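> Okay, so the sequence shown: first residue is 1 according to the UniProt record's numbering, each after it adds one.
Because the hints were derived from the structure by calculation, they are not lab data.
Values in this document were obtained by computation on a predicted structure and should not be read as measured data.
Take these hints with a grain of salt, some might be off.
[Stated by the list, open to error] Below 20 Å or equal to it, Euclidean Cα-Cα: the simulated SDA-like pairs (lysine to any residue) are:
#, residue 1, residue 2
1, Lys32, Val77
2, Lys32, Tyr42
3, Lys32, Leu47
4, Lys115, Ser10
5, Lys115, Gly30
6, Lys115, Thr35
7, Lys115, Ala63
8, Lys32, Gln58
9, Lys115, Asp25
10, Lys32, Gly71
11, Lys115, Ala152
12, Lys115, Gln58
13, Lys115, Asn60
14, Lys115, Thr65
15, Lys32, Ser118
16, Lys115, Phe61
17, Lys32, Asn13
18, Lys115, Phe29
19, Lys32, Thr65
20, Lys32, Asn116
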Amino acid sequence: MLAAASFAASATNHDLGTLDSSGPDSSPFGYKISTVGEFNDYLTFTLDVASATAFGTQQNFTATTQITGFGAELMNVTGGTFAPITTGSQQSLSWSGSLAAGEYTVHVWGITPVKNLSYSGTVTATPVPEPETYGMMLGGLALVGAIARRKAKKAA
Numbered sequence: 001m002l003a004a005a006s007f008a009a010s011a012t013n014h015d016l017g018t019l020d021s022s023g024p025d026s027s028p029f030g031y032k033i034s035t036v037g038e039f040n041d042y043l044t045f046t047l048d049v050a051s052a053t054a055f056g057t058q059q060n061f062t063a064t065t066q067i068t069g070f071g072a073e074l075m076n077v078t079g080g081t082f083a084p085i086t087t088g089s090q091q092s093l094s095w096s097g098s099l100a101a102g103e104y105t106v107h108v109w110g111i112t113p114v115k116n117l118s119y120s121g122t123v124t125a126t127p128v129p130e131p132e133t134y135g136m137m138l139g140g141l142a143l144v145g146a147i148a149r150r151k152a153k154k155a156a
């Protein structure tokens, strides 16, 4: 019981900023966990337009440095919880889906057996065109098709 009480818990907030809506954008990150025991990190990012979004993080470990209970959740999003996939000496967490414009927070947690473990990752967003954009594109294609058809009739 005394050993369990000696573990510290840490909670840290990180702002990844606004992902640029002019094209695909990503925000890489890397964090060192300076305490032994439970940690809770909150990574906040903003989307200024609806985007196809992906979040991924990983931790490389040895037999004595694996984060236990490593997990994450995209808060306030249905289906936003993701569990680790362990391959060899690496644990990874990932999520992808479409998100509306707004501010989002990813909660990453786990328990560290030693000080100064780290994990890294990336949030990536690719803007999703609005329905009006598709309508304009289809209208333009129809106009080009009509012009090409008219020219083909005149040439015949």
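> Of all the hints given earlier, name the ones this structure violates by number, lowest first.
1, 3, 9, 11
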